[in-house]
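S.K.: The listed protein sequences derive, respectively, from chains A and B. Using the working numbering, the letters of the first sequence correspond one by one to residues 1 to 273. Using the working numbering, the letters of the second sequence correspond one by one to residues 1 to 273.
Hints were generated in silico from the structure; no laboratory data involved. Since this is a predicted model, take the numbers as computed values, not measurements. Errors might be hidden in some of the hints.
No copy is singled out in the list; a pair is fine if it fits within one copy or between any two copies.
Claimed, not checked - The list that follows gives simulated cross-link-like pairs (lysine to any residue, SDA-like), each with its CA atoms no further than 20 Å apart:
1. K142 with F28
2. K142 with G93
3. K142 with G91
4. K142 with R92
5. K223 with P211
6. K142 with N124
7. K142 with E252
8. K142 with F49
9. K142 with P60
10. K223 with G36
Here is how the chains run, residue by residue.
2 protein chains.
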Amino acid sequence: MNFLLINGEPGESVSALDRGFQYGDGIFETLAVANGEPLLWEAHRRRFFHGAARLGIAAPAGELLRREAEQVCRGAPRGVLKIMLTRGVSGRGYAPGPEAAPTRTVGLLPWPDYPARHRTDGVNAQFCHTLITRHNILAGLKHLNRLEQILARMELSGECAEGLMQDETGHVIEGTMTNLFVVSRGTLLTPDLSRSGVAGVMRDLVLERAPALSIDCRVAGLKREDILDADEVFLTNSLIGVWPVRRIESREYPAGPVTRRIQEAVRDATVAD
Amino acid sequence: MNFLLINGEPGESVSALDRGFQYGDGIFETLAVANGEPLLWEAHRRRFFHGAARLGIAAPAGELLRREAEQVCRGAPRGVLKIMLTRGVSGRGYAPGPEAAPTRTVGLLPWPDYPARHRTDGVNAQFCHTLITRHNILAGLKHLNRLEQILARMELSGECAEGLMQDETGHVIEGTMTNLFVVSRGTLLTPDLSRSGVAGVMRDLVLERAPALSIDCRVAGLKREDILDADEVFLTNSLIGVWPVRRIESREYPAGPVTRRIQEAVRDATVAD
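Full structure from sequences and hints, please.
M.R.: Have a look at this one:
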C-alpha cells in the first residue's frame with residue numbers, strides 16, 4: 001500500500017477483532033486512478049453505498065469519502081484506489097454488537113503490471129472447476145467473502161489470464177475478477193447477475209454505452225456451449241477496461257469488431273497502458 | 001480478547017493487507033475452555049488442519065498450536081479459545097502472491113453469557129429468510145466467509161435464540177451458529193452437510209455417541225415440514241453443548257427423552273453452566 005487511511009488517519013493495521021478480519025463482514029471497491037483522479041467515481045460510490053445499505057453497515061458521508069480518496073490519490077500518475085468498509089470491531093459471534101463502529105480504509109495501491117498486449121492482442125481464458133454459488137442475498141455486491149474467487153483463481157494455468165466461473169446449473173456467471181461479454185450473431189450478451197456475481201462498474205458502462213453504437217445488447221443466461229459458440233468474447237473491469245479473449249480451451253476467437261468498438265467507447269474511463 | 005497471540009507474539013492488530021481482512025481468506029475454530037483446558041482439542045485440531053489443506057494454506061505444526069493454546073488458556077476457569085489461520089499478507093488481487101506467509105491468531109475470549117435456562121428449559125428458534133448457498137467447495141469448512149450467517153442472525157427477533165437456514169432447494173441445513181438435530185419416530189436425524197454448512201465438532205460427537213445409547217441416527221435431507229413434524233428438536237455446538245428447541249413459529253416441542261440422553265452423553269465435553 002503506497003498510502004492508507006484508516007478511519008481518516010494514516011495507518012497500516014486494523015484490530016484483529018475487526019469483523020472484516022473475523023468474518024469478511026464488509027464491502028470494497030477498486031478504482032483505476034489516472035493523473036491523481038479516481039475514474040468512474042460516481043458509479044463506484046453508488047455501488048459502495050448500495051452495498052453498505054444491503055449489509056446494514058453505516059456508510060461514511062459521501063463528501064468525506066471523496067475527500068479521503070482525493071487525499072490518497074493526489075499526484076499519482078496512475079494507481080489503484082481501494083476503499084473498504086467493514087462493520088468494525090465487536091465481540092465474538094455473528095450478531096454485531098451495539099458497540100460495533102464501522103472501519104473504513106481508503107488506500108492507494110500500485111498499478112497492476114498486466115501486460116499491455118492483454119488489451120491489444122487479448123488473453124487466454126479457461127473454465128474453472130470451482131463453482132460460484134447462487135447467492136440470492138449477496139448477488140451483485142462487491143463484498144469481502146471472496147473465497148470462491150480465490151480458489152478459482154488458484155486453478156489458473158500460467159498461460160491463462162482469467163478463469164470463467166459457472167454456477168451449479170451450468171450457467172457461466174463471470175470471470176474471477178472480471179465480467180464477461182460475448183457477441184453472438186451480432187448481439188452483445190452478458191450473464192444475468194441477479195443470483196450470483198459482482199455487478200461490475202465497467203460492465204454497467206458497456207451496457208450503458210452500447211446502444212449509442214447501435215449494438216444490440218442483452219442480459220442473458222449463458223452456458224459453456226454459448227461461450228464456445230460465440231463470435232467474440234471479452235472481459236471487463238474497472239482496472240483492465242476491456243480485454244478481448246483470444247482462446248478458451250481449443251476454441252480461438254478474433255479480437256473482433258464489436259470488441260474493438262466497445263474498447264474505443266469506454267477508453268475515456270480507463271487508464272492508458 | 002483477554003489474551004491474543006498473533007504468530008506467537010502478544011498483539012492486538014493485523015495488517016490491513018492481510019488476506020483475512022481483504023477477502024475472508026482463512027479458517028477458524030472456537031473451542032470451549034474449562035479449567036484452563038480446551039475441550040475436544042483433537043477434533044477441532046483435525047478440522048482446522050483439514051480446512052487449511054482444503055484452502056491450500058500452510059498450517060502451523062500441531063505441537064506449536066497446542067503450546068500456544070495452552071499458553072492463552074492457562075488459569076482460565078472458563079472461556080472461549082479462538083484460533084484463526086489466514087493466508088497472510090499479499091498484494092492486491094485474488095491470486096495469493098508468493099510472498100504470502102500465513103497469519104495465525106490464538107486467543108482467549110470471554111465465556112458467552114447465554115442464560116443457563118437455554119440448556120435446561122430450551123430455546124425458541126425461527127426460520128430465516130436469508131438462504132444458505134450450496135457451496136460444493138466450501139461445504140463443511142469453518143471458513144471466514146460468514147456474511148450469510150451474519151445476515152441471517154440479524155433477522156432474529158429478540159425472543160429467538162437461534163435461526164434455521166435453508167438452501168434454495170428448501171432443505172434446512174443448520175442454525176446460524178449451531179447444527180440441527182431432530183427426533184422423528186424414534187430416529188435421530190441431522191441434515192446432510194455435503195453441499196453446505198459447517199460440520200460441527202459437537203455434531204460429530206453426537207453422531208459418534210448416539211449408537212452406544214441405542215439411538216438410531218442418520219444423516220438425512222430435512223425440509224421445513226420435517227422440522228415442524230418432528231417429535232424433538234435440538235441444536236449443538238462446541239460452546240453451548242446441546243440446547244433443546246421448545247418452539248419454532250407456533251409449533252411447540254418437549255425437551256424430550258432423546259434430547260436429554262444426548263445432553264447427558266456429551267456432558268463431559270461441555271462447560272458446566
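S.K.: Looking back at the hints listed earlier, which ones does the structure fail to meet?
M.R.: 5, 6, 7, 10
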